[in-house]
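A.B. asks: Given these sequences and hints, build the entire structure.
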Amino acid sequence: MSQPFRLSVPDADLDLLHKKLDLTRFPDELDGAGWDYGVPLADVKRLVAHWKHGFDWRKSEAEINKLDMYTTDIQVDGFDKLNIHYVHQKSEVPNAIPLLFVHGWPGHFLEVRKLLPYLTSSSPDHPSFHVVAPSLPGFGFSEAPHKPGFAGYQYAEVVHKLMLSLGYNEYVYQGGDFGHTIGVFVVNKYGNTHVKAWHSNLPVYRIPTFFSNPLLFLELLTMPFNKYIRDKVQTSLRIRKKEFGYFMVQSTKPQTIGYSFADSPVGLLAWIYEKLVAASDNYPWTDDEVLEWISIYWHARAGPAASARIYYELTRGNEASDMFEGTSWTSVPLGVAHFPGERISLPKSWAHMLGKVVQESFHEKGGHFAAFEAPEALAGDLRKMFGKGGPAYGVVSGKDGY
Amino acid sequence: MSDFPVKEYPFTIHVPDADLDLLQRKLDSTRLPDELELDGSQQWTYGTPLSSIKRLVARWREGYDWRKSEAEINKLPMYTRDISVDNFGTLNIHYVHQRSNVLDAIPLLFVHGWPGHFLEVRKLLPLLTEESADHPSFHVVAVSLPGYAFSEAPTKPGFGAPQFAEVFNKLMISLGYEEYVYQGGDWAHVLGIRAANMYGGRHIKAWHTNCPITKPKLSTILAHPSLIPRILASPFVKDAREAYATSKRYLSLECAYMKEQETRPQTLGYSLADSPVGLLAWIYEKLVAWSDDYPWTDDEVLEWVSIYWFSRAGPAASLRIYYEMSHGGTGDFFHGTQWIPIPTGVSYFPGEIVRLPKSWTRLLGNVVYQVEHDQGGHFAAHEVPERLACDLRKMFGRGGPAFGVVPGRSGYSLKKN
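Going line by line, the protein sequences match chains E and U.
All letters in the first sequence, in the order written, are residues 1 to 402 by full-length UniProt numbering.
All letters in the second sequence, in the order written, are residues 1 to 417 by full-length UniProt numbering.
No lab work stands behind these hints: they were computed from the structure.
The reader is advised that the hints may include incorrect statements.
Stated by the list, open to error - Below, a list of computed lysine-lysine pairs in the DSS-like style, where the Cα atoms sit at most 30 angstroms apart:
(1) Lys123/U - Lys241/E
(2) Lys248/U - Lys241/E
(3) Lys232/E - Lys248/U
(4) Lys19/E - Lys54/U
(5) Lys248/U - Lys242/E
(6) Lys81/E - Lys66/E
(7) Lys189/E - Lys19/E
(8) Lys358/U - Lys275/E
(9) Lys81/E - Lys19/E
(10) Lys68/U - Lys123/U
(11) Lys286/U - Lys275/E
(12) Lys161/E - Lys356/E
(13) Lys156/U - Lys241/E
(14) Lys241/E - Lys217/U
(15) Lys59/E - Lys114/E
(16) Lys248/U - Lys170/U
(17) Lys241/E - Lys68/U
(18) Lys147/E - Lys248/U
(19) Lys358/U - Lys217/U
(20) Lys156/U - Lys45/E
(21) Lys242/E - Lys156/U
(22) Lys238/U - Lys248/U
(23) Lys286/U - Lys147/E
(24) Lys384/E - Lys66/E
(25) Lys54/U - Lys52/E
(26) Lys19/E - Lys161/E
(27) Lys147/E - Lys54/U
(28) Lys54/U - Lys81/E
(29) Lys242/E - Lys217/U
(30) Lys275/E - Lys248/U
(31) Lys286/U - Lys242/E
(32) Lys215/U - Lys242/E
(33) Lys68/U - Lys19/E
(34) Lys7/U - Lys54/U
Claimed, not checked - Per label pair, the in silico range of CB-to-CB distance:
(35) Ser328/E - Gln42/U: 29 to 35 angstroms
(36) Pro295/U - Phe26/E: 34 to 40 angstroms
(37) Gln3/E - Arg25/U: 36 to 42 angstroms
(38) Thr90/U - His18/E: 38 to 44 angstroms
(39) Leu251/U - His18/E: 41 to 47 angstroms
(40) Phe26/E - Lys75/U: 30 to 36 angstroms
Just so you know, even glycine gets a beta-carbon here, dropped at the ideal spot from N, CA and C.
C.D. replies: Below, the structure written as structure tokens:
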């Protein structure tokens, strides 16, 4: 049964955090290093100082508590039941479209915050949604799995059963980062029967092979002669080389780095802040925004180490050829959004490897954390896709959003 | 030792009380993560197990005595010396210098890697310096790499292989060892290749490695056509297949630390500088994974990690070698190195983390000595010092392939019994 959830970090936890902050020991830094070696010392020192003296967690907490939040127990086959935290914001429009919004790493449920007013507001000009935004197991204020093997289909089962438990037998899905990856599993297992359409702002999937998609494969063969494709693939490969240390660490040794995440506020801050800056599109992060974001990890119910395990589980400890093992193309209508700041960006035609693309949008601004950086744009995509005259209008029976 | 003509500046470690207090307060505020329920054989699957860390942290908080370690380490003959490096100014370098009673002992430079340090030489010292009619003796210099233990760290980017090699050579020459031999594994192996390229023949007369890896260049292969049939036969040779499997496993499962350290050493550095348990877990994982069932005691581990925790430049500085040597993760460590003409000795230890097929070793250099062991891992000098010492004695002793490489320093006493 679902219960209302009110965030209240114990005083003892805040005391420990501040004690640790006071004991912070900083490393040195090379002259003129800039961002080359990692997060610059000046940034980290400034953020730590603000965390100690300026950032007011209780204020953040009070604001977060204005959201409609709940917890409920969800049972996943083969695993113990998990207590799942989620936001459930209903629209005043009774026939609003149920929408499941799923975050990734280092994201969290609060990424939905700026979208909520756009998605739930009522208007004759655009559809409305009832929005459900869970904390994935092991993230935010959801319990973490206790046993190994909690992988793509397990995450999919949790979020799907959450929707069912709220009476949403049919719904639509939106996600980026792991929200996208889990979306692939969700539509593979529950697509068409329950998930009537989905939207992704990080539409990556497999590289085309001759057998999986001959036309795209032939296009890939033209790569040496096709500058557009070459540039895209080369940029992605270069980024993979330079920015995937975290990915390899978290997909092979999440426990080892977990000790640092759990014990060192500055260590956790640097690790995540690096991605907040690198993956966003010149988003003007304020220090309070950053610290609130990091705090969701620091004060996470299962601790910050648990969230790293999703990398291990979805790559089978880096033994899998890709994160999408066990999935394939589905006919569930798919909308994709391309944001310029997104660092991994494959040729747009490859999205057709994923699913039946019914809408594709290209934005001038915004990056990896699209819902946070460019909520209006992302909401615009969803309104267009599901609105009257849109390619997925009325997909959920009896709930067209008006 | 009193007849050693060169002035040296003795060094003793004395970690300030304030630093010990800070460590204690941090340990007392440790916050540990959770862990998945794993059965016995799966304990290490996701990384360092919680039970090990809990035990080690408890010992570190209460029981392990750094001052006792410090006093023992201070019994070693340690010194520091200013070494100037082109374009990098002067670095104050920490080293151990143990002379043999044998005047004409062979000067040997011992270099460590990551997560190693100068103390890896400790068990070797008595074995290498002792006098005997049956085996050669060495004067041993064991340097702390810039940015490690009690050596200063470089302050600007670009301190790579040529700079490390320059430090090694200048240190030895400053001690009066114009001609010497070199021993190392891990980074010391990679840097040794560069040192041998730069100073081989003139200063470095021979070298030995316990971690013989390289990235064979086509030009090297073509320059040694006699090796081609053996290289081509590799897939059909059991040793080569095993080597390939070990290396493949390492690359997919065990080298995440390297990717992070090559690309974002500063980001990782915040954790390692700030969190004793974070540093402990990060290093301990390698001490166990890379050694050959070595029976680490908790105090041994804590002493080892303490060298990093209390290092002069802090633990983050030690990571930068990965960045510099790989050009921020875009290049390979062996770039710019050449086949080594000076006598090269190789020891194969079964627990070594990555290795080439033995038929490829000759792509490294003029291999005059090779031996395969059935025990010992990556930290050979610490795990199996007698074996490593024995290899060096055989390589450099009478009848050995590198006997007398250093003119006038045979390693044997001139005294007649």
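A.B. asks: Are the hints correct? Go through all of them and say.
C.D. replies: Verification of the hints:
no., hint, verdict
1, Lys123/U - Lys241/E, "violated (39 angstroms)"
2, Lys248/U - Lys241/E, "holds (18 angstroms)"
3, Lys232/E - Lys248/U, "holds (28 angstroms)"
4, Lys19/E - Lys54/U, "holds (21 angstroms)"
5, Lys248/U - Lys242/E, "holds (21 angstroms)"
6, Lys81/E - Lys66/E, "holds (27 angstroms)"
7, Lys189/E - Lys19/E, "violated (47 angstroms)"
8, Lys358/U - Lys275/E, "violated (42 angstroms)"
9, Lys81/E - Lys19/E, "violated (35 angstroms)"
10, Lys68/U - Lys123/U, "holds (18 angstroms)"
11, Lys286/U - Lys275/E, "holds (26 angstroms)"
12, Lys161/E - Lys356/E, "holds (24 angstroms)"
13, Lys156/U - Lys241/E, "holds (23 angstroms)"
14, Lys241/E - Lys217/U, "holds (22 angstroms)"
15, Lys59/E - Lys114/E, "holds (18 angstroms)"
16, Lys248/U - Lys170/U, "violated (38 angstroms)"
17, Lys241/E - Lys68/U, "violated (44 angstroms)"
18, Lys147/E - Lys248/U, "holds (28 angstroms)"
19, Lys358/U - Lys217/U, "holds (16 angstroms)"
20, Lys156/U - Lys45/E, "holds (20 angstroms)"
21, Lys242/E - Lys156/U, "holds (20 angstroms)"
22, Lys238/U - Lys248/U, "holds (15 angstroms)"
23, Lys286/U - Lys147/E, "holds (25 angstroms)"
24, Lys384/E - Lys66/E, "holds (28 angstroms)"
25, Lys54/U - Lys52/E, "holds (28 angstroms)"
26, Lys19/E - Lys161/E, "violated (40 angstroms)"
27, Lys147/E - Lys54/U, "holds (20 angstroms)"
28, Lys54/U - Lys81/E, "holds (28 angstroms)"
29, Lys242/E - Lys217/U, "holds (24 angstroms)"
30, Lys275/E - Lys248/U, "holds (29 angstroms)"
31, Lys286/U - Lys242/E, "holds (23 angstroms)"
32, Lys215/U - Lys242/E, "holds (21 angstroms)"
33, Lys68/U - Lys19/E, "holds (29 angstroms)"
34, Lys7/U - Lys54/U, "violated (46 angstroms)"
35, Ser328/E - Gln42/U: 29 to 35 angstroms, "holds (30 angstroms)"
36, Pro295/U - Phe26/E: 34 to 40 angstroms, "holds (36 angstroms)"
37, Gln3/E - Arg25/U: 36 to 42 angstroms, "holds (39 angstroms)"
38, Thr90/U - His18/E: 38 to 44 angstroms, "holds (41 angstroms)"
39, Leu251/U - His18/E: 41 to 47 angstroms, "holds (42 angstroms)"
40, Phe26/E - Lys75/U: 30 to 36 angstroms, "holds (33 angstroms)"
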